[in-house]
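These protein sequence lines map, in sequence, to chains A and B.
First residue of the first sequence? That's 1171 in this note's numbering, and the numbers climb one at a time after it.
First residue of the second sequence? That's 8 in this note's numbering, and the numbers climb one at a time after it.
Keep in mind the hints are simulated off the structure, nothing from the lab.
The C-beta atom is built at its ideal place from N, Cα and C for all residues, glycine as well.
Check the hints yourself; a few may be wrong.
With the C-beta cut set under 8 Å, the calculated list includes, among others, these residues of chain B facing chain A [said to hold, decoys possible]:
no., residue
1, Cys71
2, Ala73
3, Pro83
4, Val87
5, Val104
6, Ala109
7, Thr125
If the Cβ cut is set under 8 Å, some of the chain A residues that face chain B in the computed set are [claimed, not checked]:
no., residue
8, Thr1172
9, Ala1474
10, Ala1482
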Amino acid sequence: LTLGDAFSGWPPPTLDPAGPNAEAIALMAWVLFGVLGLVLLLVLVAVALALFGRGRGKKTFARERTIWALGVALPSITLAGFLVYGLVVMNDLSEKPQPGDLRIRITGEMWWWRVVYLDADGRELFHDANELHIPVGRPVTLELTSADVIHSFWAPELAGKVDMIPGRINILRIRADRPGRFGGACAEYCGGPHALMGFVAAAHAPADFDALIARRSAAARAPVDALRMAGQQVFLASGCGACHTVRGTSANGLAGPDLTNVGARLTLGAGILPNNRGTLGGWVSNADAIKPGVRMPPYPMLDADELQAISAYLENLK
Amino acid sequence: MPQEPAPEAAGSVSVSLLRFTQPAGAALIALFLAACLQSGGGPQQPIAGADVARGREAIAAYGCAACHVIPGISWPRGAVGPSLEGFGARSMIAGRVGNEPAALIAFVRNAPSVAPGTAMPPIPLTEGEARDVAAYLYTLDAR
Chain A
1171 LTLGDAFSGW PPPTLDPAGP NAEAIALMAW VLFGVLGLVL LLVLVAVALA
1221 LFGRGRGKKT FARERTIWAL GVALPSITLA GFLVYGLVVM NDLSEKPQPG
1271 DLRIRITGEM WWWRVVYLDA DGRELFHDAN ELHIPVGRPV TLELTSADVI
1321 HSFWAPELAG KVDMIPGRIN ILRIRADRPG RFGGACAEYC GGPHALMGFV
1371 AAAHAPADFD ALIARRSAAA RAPVDALRMA GQQVFLASGC GACHTVRGTS
1421 ANGLAGPDLT NVGARLTLGA GILPNNRGTL GGWVSNADAI KPGVRMPPYP
1471 MLDADELQAI SAYLENLK
Chain B
8 MPQEPAPEAA GSVSVSLLRF TQPAGAALIA LFLAACLQSG GGPQQPIAGA
58 DVARGREAIA AYGCAACHVI PGISWPRGAV GPSLEGFGAR SMIAGRVGNE
108 PAALIAFVRN APSVAPGTAM PPIPLTEGEA RDVAAYLYTL DAR
């Protein structure tokens, strides 16, 4: 799976909505372009008349009434109209969670996304990271928060930006109307490698979604061959479990992303790298060279055999 | 003793030659640079049917730069394996096998089979992609 397969486009297209939330914003953008285009035309014509006009046309522009009408009244009416339009759209998009919604909590962390699927009562079903999977056609309530600094969740094809603020849960209700893999990014500068904090929001046909959730909520696949068994031993002996969880093993750390399904992820390093055995090895050995400032330290103590084994083990976690 | 004046004389001749030929030298250097720029596009070891541009795309798509600094790929600049700057002029692959097209094509797909003990894992490239990648690597000239 290459990055080109992981996203529908990068950077994510901002005016190609895949759901009602983004549609309202795209429509607003086109209305703004249209009205402001007319305003620009009006201003250019007025300037041309004022500079090069003769006689009556030019005199009209010198009248006090014209200045009140075109310079004060018209902008006030236009901008007030935009304000009302904006408030109405904002109100429409600030929806309350509804019973029957799928609930997913996404926590912004420096510099990745903790994604927790919840049941109807808000109990945790399982942890995932750096990608969001939703079924087409069903409303999803995203509970957005942060573990450290302010981040902002933005998947432009699905919805507008919503800030993720420590100690607060912001609700974003989205729906995807077509299947696809939509790119997203942190839209609030959060220090260090902020620009390398991306994610994928994938919308699936309902049956595919149910199958995916069943796979991802299960315990990790046990290693089946000698290389991957050795990889698991290296993983556990190197202390990876202090920060990472692999469900079904003794690795139960919570500081970093849950790796139970790391081999199935669409990207690596929070939306920045294709996910294969090579990039997994590069990330484990020296993540900081790829994503400067990342909290994961380099592992120069791993030798070639260990790196081969651990990469093969991680690739198989799916 | 009689040999001593000779080097001095030779030295002074070459200095004066340099002085006289400065414009010509500059023109030669310009010609040399132009030749370098022209030769930069083609592989040193041609691979039949391979496409250098597609090779660069495959390198970006598979994330080879997660481990290697690769000219032509601005990010990432991985620091796990060797930099591939000047790879086209390098004699050895992974310090183990001669840098021949057949070996390189096999190595980029399945490094451990060509150089046992390497940290570079097998990469899921197709045969065609591997040929393109090798063709791109051979354009990485030391100059």
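Does the CB of A/Thr1172 sit less than 8 Å away from some CB of chain B? holds, 4 Å
With a cut-off of 8 Å, does the beta carbon of B/Thr125 approach a beta carbon of chain A closely enough for the hint to hold? holds, 6 Å
Hint status (Cβ of B/Val87 to nearest Cβ of chain A, threshold 8 Å): holds, 4 Å
Could you check if B/Cys71 really has its C-beta closer than 8 Å to a C-beta on chain A? holds, 7 Å
For the restraint on A/Ala1482, tell me whether the closest CB of chain B is nearer than 8 Å. Cβ of A/Ala1482 sits 7 Å from chain B, so the hint holds.
Interface hint status, B/Ala73 versus chain A (Cβ within 8 Å): At 3 Å from the nearest chain A Cβ, B/Ala73 passes the 8 Å test, so the hint holds.
Holds or violated: B/Ala109 as interface residue toward chain A, Cβ cutoff 8 Å? violated, 21 Å
Any CB of chain A closer than 8 Å to the CB of B/Val104? Not OK, violated: B/Val104 not within 8 Å of chain A, min 16 Å.
Is the shortest C-beta separation between B/Pro83 and chain A less than 8 Å? Nearest chain A Cβ about 4 Å off; hint holds.
Restraint: A/Ala1474 near chain B, CB-CB cut 8 Å. Satisfied or not? Holds - the Cβ of A/Ala1474 comes within 8 Å of chain B, reaching about 4 Å at its closest.
Of the numbered hints listed earlier, those contradicted by the structure are 5, 6.
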